[in-house]
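*Asks:* So the chains spell out like this:
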Amino acid sequence: DAGVIQSPRHEVTEMGQEVTLRCKPISGHNSLFWYRQTMMRGLELLIYFNNNVPIDDSGMPEDRFSAKMPNASFSTLKIQPSEPRDSAVYFCASSLPSSGNYEQYFGPGTRLTVT
Amino acid sequence: AQSVTQLDSQVPVFEEAPVELRCNYSSSVSVYLFWYVQYPNQGLQLLLKYLSGSTLVESINGFEAEFNKSQTSFHLRKPSVHISDTAEYFCAVSDGRDKIIFGKGTRLHILP
Chain P
11 DAGVIQSPRH
21 EVTEMGQEVT
31 LRCKPISGHN
41 SLFWYRQTMM
51 RGLELLIYFN
61 NNVPIDDSGM
71 PEDRFSAKMP
81 NASFSTLKIQ
91 PSEPRDSAVY
101 FCASSLPSSG
111 NYEQYFGPGT
121 RLTVT
Chain S
10 AQSVTQLDSQ
20 VPVFEEAPVE
30 LRCNYSSSVS
40 VYLFWYVQYP
50 NQGLQLLLKY
60 LSGSTLVESI
70 NGFEAEFNKS
80 QTSFHLRKPS
90 VHISDTAEYF
100 CAVSDGRDKI
110 IFGKGTRLHI
120 LP
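Just so you know, the protein sequences line up as chains P and S, in that order. According to the numbering used here, the first sequence is numbered sequentially starting from 11. According to the numbering used here, the second sequence is numbered sequentially starting from 10.
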């Protein structure tokens, strides 16, 4: 298995631009998580989906952030408009809780820089 | 609500010395416990986990952790560290539903 795939790996954009981060979970996994990691705030859960349905989006910072999961093999996290304080590494993770494993598998992350 | 406390944000240790990274959790239900490792510029990887059974769990690279229910702890230990163990280590807890709650992480610095 290729693992969790994220794209792009690096993104540099100017303040005010729209940014879209993409994630392909491990095939067969039905839970998907978006995290943000910064030096100041550590690892934060932004939102997670189960069977393509958003379950908990309480970690989404504000309305500028939105996430979708149109099917079991693809999810996006969009920031519009982007701001310098959004600079961080964004991780996607997937899991299959029904297997009794509960382990989350992380992608390599997208390093976002907003100038 | 569940929570995880990693008391040490950074731990310096000399190469070949032993190390313990502390983790305490709070939960009102049965828990599943994890240690993840993040090497520089990489994503998080599972190091070891406790789901049930033996309270002592081991990883393939010499780390071990012991689930202590009475002390609500899951400390990570290694008897002799190597420079390649330089990383950030995250303790995490799950109640068996979808979410895992992560601690704030402990940076392990190996000194030559």
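I should point out that these hints are in silico values taken from the structure, not numbers from a laboratory. Don't take each hint at face value.
Output of the computed footprint for chain P on chain S, the stretches with three or more beta carbons under 8 Å from beta carbons of chain P [unchecked claim]:
# : segment
1 : 46–53
2 : 103–117
Which bits of chain P does chain S cover? Going by a derived footprint, with three or more residues having C-beta under 8 Å, they are [what the hints assert, rightly or not]:
# : segment
3 : 48–58
4 : 69–75
5 : 99–108
Please read these numbers as outputs of a predicted model, since none were measured by experiment. Note that the Cβ used here is the ideal one computed from N, Cα and C, for glycine as well.
*Asks:* Now tell me if each hint is right for this structure.
*Replies:* Here's how the hints hold up against the structure:
Counting residues of the segment 46–53 of chain S whose beta-carbon sits less than 8 Å from any beta-carbon of chain P gives 3, enough to reach three: the coverage restraint holds. Note: the segment 103–117 of chain S has 9 residues with beta-carbon separation from chain P under 8 Å; the three-residue rule is met and the coverage holds. Beta-carbon proximity to chain S at under 8 Å applies to 4 residues in the segment 48–58 of chain P; the threshold of 3 is reached and the given coverage holds. Under the rule that three or more residues need a Cβ within less than 8 Å of chain S, the assignment of the segment 69–75 of chain P is violated, with 0 such residues.
Check on the segment 99–108 of chain P: 4 of its residues sit with their Cβ under 8 Å from a Cβ of chain S, so the three-residue criterion for coverage holds.
The earlier numbered hint that this structure contradicts is number 4, and it is the only one.
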